[in-house]
Structures are given as structure tokens and as C-alpha cells.
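There are 2 protein chains.
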Amino acid sequence: MERSQLIKGLEQILEPGRIISDPVDLMYYSFDSSFLARLNKFMPDVVVTPRSTEEVSAVMRFAYENSIPVTPRGAGTGETCGSVPVQGGIVMDLSTWDTIEEIDAANMQVIVRPGVIHGRLNEKLAAMGMFFPPDPGSTRMCTIGGMVANNASGLRAVKYGCTEQYVLGLEVVLPNGEVIVTGGLHSRAVKSVSGMNITKLFVGSEGILGVITRVRLRIWPKPKGRGIVMAVYKSLDDAPASVLEVYQSGILPSGIEVLDQSAIKAVNLYKPEINLPDAEAILLFEVDGNPDSVEWEGNKICEVARQRAISVEWATDAKRMASLWEGRSVVATAAARVRPDGTRVFAGEDISVPLSKVAEVLRAIRALGDKHGVRVVNYGHIGDGNVHTAPVIDPDIPQEVEMANALVDDIHRYAVTVGGTTTGEHGVGAVRAKYAELEHGAAVGVMRMIKQAFDPKGIMNPGKLVPKEEA
Amino acid sequence: MERSQLIKGLEQILEPGRIISDPVDLMYYSFDSSFLARLNKFMPDVVVTPRSTEEVSAVMRFAYENSIPVTPRGAGTGETCGSVPVQGGIVMDLSTWDTIEEIDAANMQVIVRPGVIHGRLNEKLAAMGMFFPPDPGSTRMCTIGGMVANNASGLRAVKYGCTEQYVLGLEVVLPNGEVIVTGGLHSRAVKSVSGMNITKLFVGSEGILGVITRVRLRIWPKPKGRGIVMAVYKSLDDAPASVLEVYQSGILPSGIEVLDQSAIKAVNLYKPEINLPDAEAILLFEVDGNPDSVEWEGNKICEVARQRAISVEWATDAKRMASLWEGRSVVATAAARVRPDGTRVFAGEDISVPLSKVAEVLRAIRALGDKHGVRVVNYGHIGDGNVHTAPVIDPDIPQEVEMANALVDDIHRYAVTVGGTTTGEHGVGAVRAKYAELEHGAAVGVMRMIKQAFDPKGIMNPGKLVPKEEA
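So the protein sequences, as listed, match chains C and L. Quick note on our numbering: the first sequence kicks off at 1 and runs consecutively. Quick note on our numbering: the second sequence kicks off at 1 and runs consecutively.
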């Protein structure tokens with residue numbers, strides 16, 4: 001379909017002001033944070049900003065009839081091109097549809113539209129003593145719809161798991177425009193095993209099965225206390241060993257973060273006054289709960305960590321906690337400092353590996369960096385074995401781009417080899433679909449079968465999550 | 001296919017001793033705990049007891065080629081005919097395949113075959129300071145395979161959620177005999193968003209999409225402390241109000257149980273020495289965690305509950321906890337005592353309703369019982385709004401059977417009307433499939449579409465979970 005026809009068709013089914021077609025504006029929808037989007041500009045033909053289920057359904061029916069690709073998008077904070085229109089067509093921007101429909105505190109749940117921002121929801125909930133536990137780093141920008149599509153998590157997944165665990169039900173517009181409600185048409189139950197578990201199939205489906213237009217989320221009592229333990233290790237191997245010993249002592253911290261030597265250096269270069277000790281690894285344990293519990297667990301973690309760490313410190317007051325945490329807070333920004341005028345690129349940044357292999361993996365990534373001549377900085381959610389690697393390069397030099405791409409390809413394959421996954425939390429999108437067969441084998445056939453059943457024309461966010469069968 | 005041919009065919013693909021065909025033995029596979037199975041005998045044509053993925057795959061290929069129904073079965077502890085061959089054919093008994101393949105404590109996970117018994121696994125884990133949190137009442141009998149197929153939970157779902165939350169990956173034999181691995185072919189990662197979330201689609205699929213032959217489960221540090229609060233309420237309405245106030249105080253107990261007046265009476269009739277107070281409701285809160293946390297939370301719950309309760313008691317020593325808990329322990333058995341020579345039947349026993357409506361629902365169920373002339377006893381996991389209703393009848397009197405069936409039909413429909421679900425944890429099986437459309441509307445079409453894609457011949461556990469389209 002001609003672009004002008006496409007726009008005309010959409011004008012007939014949408015409220016005025018819901019269509020963006022100026023090429024300058026479209027530019028903003030051509031990328032996310034991924035390296036892939038930096039290297040390519042994936043321009044949409046048109047962007048729509050629907051604000052009702054009916055509008056989303058009308059757009060999908062139109063797109064389905066005319067076989068036009070549709071890419072749903074939240075805040076575009078992703079790192080995998082998941083919300084980027086790699087095959088053009090329509091981008092459906094849901095970020096303006098940010099209604100919190102109901103905070104049903106008496107039933108421990110909320111009903112939101114997809115564009116609600118995570119941080120904003122949690123601010124409202126905090127005032128009522130409640131929270132929605134997953135906590136992506138992008139909390140101030142990312143949308144609940146995006147979190148569901150991506151099955152987002154973050155720091156506190158160790159204790160609180162991923163988004164899927166809190167999704168009680170969804171309203172979804174299918175590729176052909178049909179609207180369904182999962183988890184019960186009018187349900188406010190917090191537990192149910194009625195019907196096939198399709199709610200969870202949509203969680204993490206990256207928009208390839210339909211458009212999420214409403215989310216019913218479980219909320220939890222917000223713990224009143226919080227504490228941070230910082231432990232410094234001379235030897236890298238002691239860090240994951242300490243993590244396991246903490247688990248074995250009966251404690252499930254809310255988060256366990258690691259900075260390896262490369263990250264420590266980056267932080268000290270970026271902000272020398274933080275002055276992290278020269279060590280092979282720093283661990284940060286966060287515990288939460290009631291005040292007595294936090295005190296008990298903080299002390300216990302110190303006791304356990306001291307068996308291996310060269311220094312251990314522990315705080316529950318806000319200022320000291322922020323100070324202990326500061327290295328972790330700045331590391332993503334600091335990473336680029338390991339090289340003058342270097343840029344950190346988002347690629348190969350999200351493997352998750354068996355806890356027992358974290359030290360070996362961190363060393364191997366450093367060795368791979370050396371092999372490819374690329375500086376890397378490692379940090380991450382060690383409690384889940386989730387390693388965020390930051391390659392630092394000059395992306396304007398084609399040879400460096402090539403080196404970085406070769407490095408991250410090695411990192412992804414290596415992760416699978418050691419019993420890990422190519423992505424712990426950032427998702428597959430367009431950048432990791434090619435590893436599906438390596439990681440999942442014959443199960444990819446089942447994924448393709450489901451995709452085909454939902455979307456026989458292949459219009460929903462094509463090129464993401466599940467690779468097409470090779471001819 | 002003739003039964004003799006069927007047996008001959010199976011003999012050719014299975015190890016000797018893997019086929020059960022004596023009618024007396026087959027009887028044991030014709031029922032579970034459900035009222036439906038009490039009213040009908042659903043005899044299999046033959047039972048197989050495979051003990052390898054290859055054997056399961058060979059049986060499925062054979063069944064698929066010959067269009068023979070296959071019903072996978074664990075310990076048969078279900079209450080919905082989920083593992084009962086309502087259309088005859090082959091029952092695949094997986095209970096003898098009870099190998100714990102690996103306890104990978106360093107990576108906080110276990111790999112088991114489907115027949116491993118829940119309680120046995122948790123005994124082994126306890127010795128290492130770990131546990132698999134879901135805790136169905138049938139722990140001493142039920143199998144992990146059955147728990148996964150049913151997405152089982154129990155008392156501690158309030159804090160620890162359902163089985164799905166712990167399933168990292170599965171090996172599944174598809175209806176056509178193909179074997180896939182979900183969650184990563186060789187993965188030992190504890191967090192991943194790689195690929196479509198098909199692991200969770202299989203969890204709770206009640207055997208209609210394939211046979212689960214291996215389970216990779218997340219395990220957690222086992223909390224060292226535990227405490228019980230018992231609170232007695234003069235007015236039923238105060239009980240759910242107390243539950244909400246406990247949540248709002250920032251506490252997530254590991255379990256919150258309710259006994260209503262009918263349950264209190266039943267317990268006192270059954271074992272007068274328990275001597276529960278004459279009240280409209282008793283709540284039992286269980287808290288777990290480190291010892292200081294348990295102490296803090298127990299005291300806080302007492303403080304909150306005292307605002308409404310006529311008496312509150314709190315214990316952390318094993319003997320006193322068991323004594324406080326005794327009423328709850330015996331209630332399922334005690335229920336029948338509300339009527340001399342009465343029998344408790346498992347039907348309509350598992351609705352889960354919005355927390356805000358629990359008091360109203362308990363009253364309505366009593367009224368429905370009166371309307372139909374059936375005695376009912378109510379107890380359940382009030383923290384999740386999960387109400388277990390025990391109808392007590394004489395099942396040998398056809399008129400009473402009719403009355404009970406009419407009552408439970410009303411209970412199921414009523415649950416959906418008040419924003420609840422027909423089943424919080426026991427599953428759909430053959431007894432609740434007919435409510436799918438009422439509860440899920442158009443989403444049932446998607447469930448059918450998925451079923452059709454996996455099992456075009458409709459041989460996998462037919463008649464369960466998703467109803468056939470009405471002609």
C-alpha cells in the first residue's frame with residue numbers, strides 16, 4: 001500500500017490528532033537504545049497514538065486487511081529494537097495512553113492502560129503503603145505495557161521475580177483486531193487456575209502476538225525497612241561464593257549487585273571522590289522487610305560475607321545507603337570513561353549465567369574483549385547471574401563497529417555454551433532472534449507454530465523474538 | 001482400534017512390565033477425588049508406566065498415528081477428573097518415574113522427573129537449607145509433574161505464589177511424539193526472557209498440550225523461623241477487614257487461613273477437645289522468615305488484629321503452633337461431621353473471590369446451601385480469597401446428588417458474577433470446562449486455537465480445561 005493511502009485509511013478510523021506523519025517526528029520512532037538502532041535507521045511509514053481499545057482494534061483490523069506491519073511501542077527505552085519498526089509500516093505509540101484506571105487497594109491490585117509509567121504508578125502506590133515490586137533501571141520512563149511485553153525485571157528480581165509474576169490479567173487486541181480479556185472477563189481474583197495460562201504467554205511476547213491495551217497487576221504491601229551491605233573482595237571467585245553462602249544462610253536479599261574490576265575502575269575514573277577500593281569485585285546486598293528483619297539480615301550477611309571479603313560495611317540510614325550504592329548508580333554512565341571519547345554501546349549486554357559460573361564468565365568476557373580489541377565494563381544482578389557487559393568503542397569507526405559486533409556475537413554464544421541465556425531481562429527483539437535455535441532447539445518450532453496461529457499474515461512486530469524459518 | 005490391538009501395539013514399543021491391562025488394576029485409574037468420578041467410572045482401555053522420554057515419545061507417536069486418547073496421570077490426587085480418562089484410551093501413569101536427577105544447590109535449582117513426590121523433594125531440600133515453596137495439602141502424595149500440569153499452590157501462595165513461579169524449564173513430549181525443551185536446551189540460568197514464554201503456557205495446561213517429562217525448578221533459601229497468630233472474630237465481616245489491615249501494615253504473611261462458623265462447628269463436633277470458640281470466623285496467620293522478623297511480624301499482626309478480634313493468640317514454639325493450627329488441620333476431615341453419616345463431596349470447592357467480598361461470599365454460599373437443602377462447610381486460603389466449600393450429602397441418594405450438583409453449579413456461576421474465579425488452585429479438568437466461556441469470553445477462542453495447533457487430532461487429555469466448540 002502506498003504511504004499516502006495508508007495515512008488516508010488511518011485518518012478514516014482514528015480521532016483527529018492521532019496520526020504522526022511528518023518525517024522529522026517519525027525519526028523519533030526509528031530507534032531505541034540498542035546498538036542495532038544506532039547502526040540503522042528503521043523509519044516507520046506512519047505513527048498512530050490510539051487512546052482506546054476501539055481505536056487499537058480499528059487500526060489492527062485495517063492493518064490486517066492490508067497486510068501492513070504494526071509495531072507497538074511504549075517509551076522506547078528498550079535495548080533490542082523490540083519497539084522499532086525494522087520492516088517499516090505503522091508504529092503504534094501507546095505511551096500517551098497513561099490512565100491509571102483503578103487502584104483497587106482492597107483487592108491488592110491495579111488496573112492500568114499500557115502507557116502508565118512505572119515510577120509514577122509506584123509513587124501513587126507508595127502513598128497507600130503498597131508497591132508493584134519489579135524495578136527496571138528505566139523506572140522513570142518505562143511504561144507498564146512495555147514492561148509486560150518485555151517481562152521486565154531489574155535489581156529486585158532476586159526476591160520479587162519478574163513482571164510476569166504480578167500480571168493477573170490483560171486486555172489484548174489480536175492481530176486481526178479481535179479483543180480478548182485474559183485472566184477472567186471481570187475478575188478481581190488474585191489467584192486462579194481457570195483456563196489455559198495465556199496471560200503468561202503474552203507476558204514477554206514482545207508485541208508479536210497482539211497489542212496489550214489494559215493490564216491488571218497484583219500489588220504487594222511495601223516493606224517498611226531497607227538496608228545495604230557493601231562487601232569488597234580481593235579475589236573475584238569469592239564474590240559468587242559469598243552470594244551462595246548468603247542464600248544458604250536462609251536469606252533471600254531483595255537484590256545482589258556486582259561491580260567487577262573493570263566497573264570499579266570506570267566508576268573511579270568518572271567520579272574519583274567515590275573512591276571505590278581497588279579490588280577484583282564489590283558486592284552490594286540489599287535487604288528489605290520489617291525493621292527488625294532488615295537488622296537481622298544485614299548483620300547476618302555481614303557475618304557471612306566477612307569470611308571472604310576484605311571489608312564489609314552495612315547501613316540502614318538513607319544517606320549512608322545512597323553513598324554505598326553510589327558506585328552502582330553511576331556505573332552505566334561511568335562505563336564509557338574507560339576510554340577517552342569512548343561510547344558505551346548496548347549490545348551483548350544482558351546474558352544471565354549459572355551462579356556457579358559467574359566468576360569464570362566475567363573472566364571469559366574480559367578475555368573475549370581482549371581478543372577482539374574491545375574494552376568492556378562488567379556489572380550486573382549477580383544474584384540472578386545476570387551480567388551487564390558494556391562494550392566501549394568509537395561507533396563512528398567502521399572497524400570498531402565490526403569488532404564490537406564480533407565480540408557480542410561471541411558473548412551471546414558463550415553464554416549459551418556455559419548453560420546461560422542470551423538475555424536475562426532486556427529481551428530478544430531484533431538483535432537476539434538469531435540465537436533462538438542455538439538456545440531453544442526444537443522449541444522454536446513450537447514458538448513459530450503459536451506465532452503462525454495468532455498472526456498468519458505476520459504483521460505483528462515482524463522480525464522480533466522468534467526468527468522466521470530459514471528457507 | 002480394538003483394545004487387544006492397542007495392547008499389542010504398546011507391547012511392541014515399551015519395555016516389559018510397563019503395561020497394565022487387568023480390569024481390576026485399571027479400576028484404580030478410573031477416578032480421582034472428584035464428585036464427578038464418584039458418580040461415573042471412567043475406565044481406561046490400558047495403562048502404561050513409561051520411565052524414559054523415549055518411551056513417552058514412542059507411546060505418543062503410536063497414539064497420534066492411531067488417534068487414541070492419552071491421559072497423563074501423576075498420583076491422581078486431583079479433584080477435577082484432570083487425570084481421569086473420561087474418553088477412555090491410554091492412561092499414562094508417570095508416578096513411578098520418580099527420579100530426582102539433580103539438586104543443583106549452587107545454582108538454586110533442581111531437575112526432577114514428573115513422578116517425584118512433593119514432600120519427598122522438600123525433605124531432601126530441607127537438609128540443605130533450601131525449599132520449593134508451593135505447598136499443596138496433598139504434599140505427601142502429589143507429584144511434581146501433577147503440580148506443574150495443575151499450577152498447584154496451597155497455603156503459602158499468599159507470599160510464595162503458585163508453582164508457575166518456580167518452573168524454569170520443562171521437557172515436554174508433544175502430542176505427535178516430538179520432544180522439546182523449554183527455558184533453554186541446556187540452561188541453568190535462573191532468569192531469562194529469551195524466546196516466547198511457552199514454559200508458562202505448559203504450566204497449568206492440565207496435560208492437554210503434551211506430556212511433561214522433566215522439570216527444572218527454582219528453589220529458595222528456607223526461612224529459619226515461623227510463627228502462627230490465631231484471631232477470633234465475633235462478626236464475619238471483621239475477618240477480611242483484618243486481612244486487609246495486616247497487608248496495609250506492610251506485612252505479607254506466608255499464609256492466611258479462615259474457618260467460618262460452619263467449619264468451627266464441624267471441628268468441634270469432630271474433636272471436641274480442640275474446643276474452638278463459638279464465633280463467626282477464626283483467622284490463622286502464618287509468618288515466616290528470620291527469627292527477629294517472625295517476632296516483629298507476629299506482634300504487629302496481633303496489634304492489628306486486636307482492633308477487631310475478640311481474642312488473639314500468638315506462638316512460635318512448635319507445640320503451641322500445632323495446637324493453634326489443629327482446627328485447620330482437621331477441618332477437611334471434620335466437614336462430614338455436620339451431618340450424621342454425611343459424606344463430603346469435592347465439587348464447587350475451589351472458588352477464589354475478591355478479598356473485599358469474602359464475607360459476602362461466605363454468607364451467600366450458606367444461603368445457596370439452604371436454598372438447595374445442602375449442608376456446607378467453608379474454610380480456605382482467605383489471603384487469596386480462595387474459599388473451599390465442602391458440601392456434605394449422602395451420595396447414594398440420587399435426589400441429594402442432584403441437589404448438590406445444582407448447588408455447586410450455582411456456586412461456580414456466583415463466583416464469576418462477583419468478580420471471582422471458578423477455581424483458585426484445584427483446576428478445571430472435566431468438571432469446570434463448561435464455565436470457560438462464562439469466565440473468559442472470547443479468550444476461549446484463543447485457548448482453542450492453541451489447543452488445535454498443538455493437538456489437531458484432539459488426543460491429549462480430551463475433555464479437560466478447554467471445552468470443545470459447541471456445534
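Simulated from the structure, these hints should not be mistaken for laboratory data. Don't be surprised by glycine CBs; every beta carbon is placed ideally from N, CA and C. Wrong hints could be hidden among the right ones.
[What the hints assert, rightly or not] A few chain C residues that face chain L, going by a derived Cβ cut-off under 8 Å, partial list only: (1) Ser30; (2) Met141; (3) Trp220; (4) Ile274; (5) Gly427.
[Claimed, not checked] Quick list of in silico lysine-lysine cross-link-like pairs, DSS-like style, CA-CA up to 25 Å: (6) L/Lys159 / C/Lys159; (7) L/Lys8 / C/Lys224; (8) C/Lys222 / L/Lys41.
Hints, one by one, checked against the model:
1. Ser30: violated, 24 Å
2. Met141: violated, 19 Å
3. Trp220: Given a least distance of 6 Å, the restraint on C/Trp220 holds.
4. Ile274: violated, 28 Å
5. Gly427: Since chain L brings a Cβ to about 5 Å from C/Gly427, closer than 8 Å, the hint holds.
6. L/Lys159 / C/Lys159: Between L/Lys159 and C/Lys159 the Cα gap is close to 11 Å, so the pair holds against 25 Å.
7. L/Lys8 / C/Lys224: Given that 25 Å is the threshold and the Cα spacing comes to 66 Å, the pair is violated.
8. C/Lys222 / L/Lys41: Measuring from Cα to Cα gives roughly 50 Å; hence the hint is violated.
Of the numbered hints given earlier, the model fails hints 1, 2, 4, 7 and 8; all others are met.
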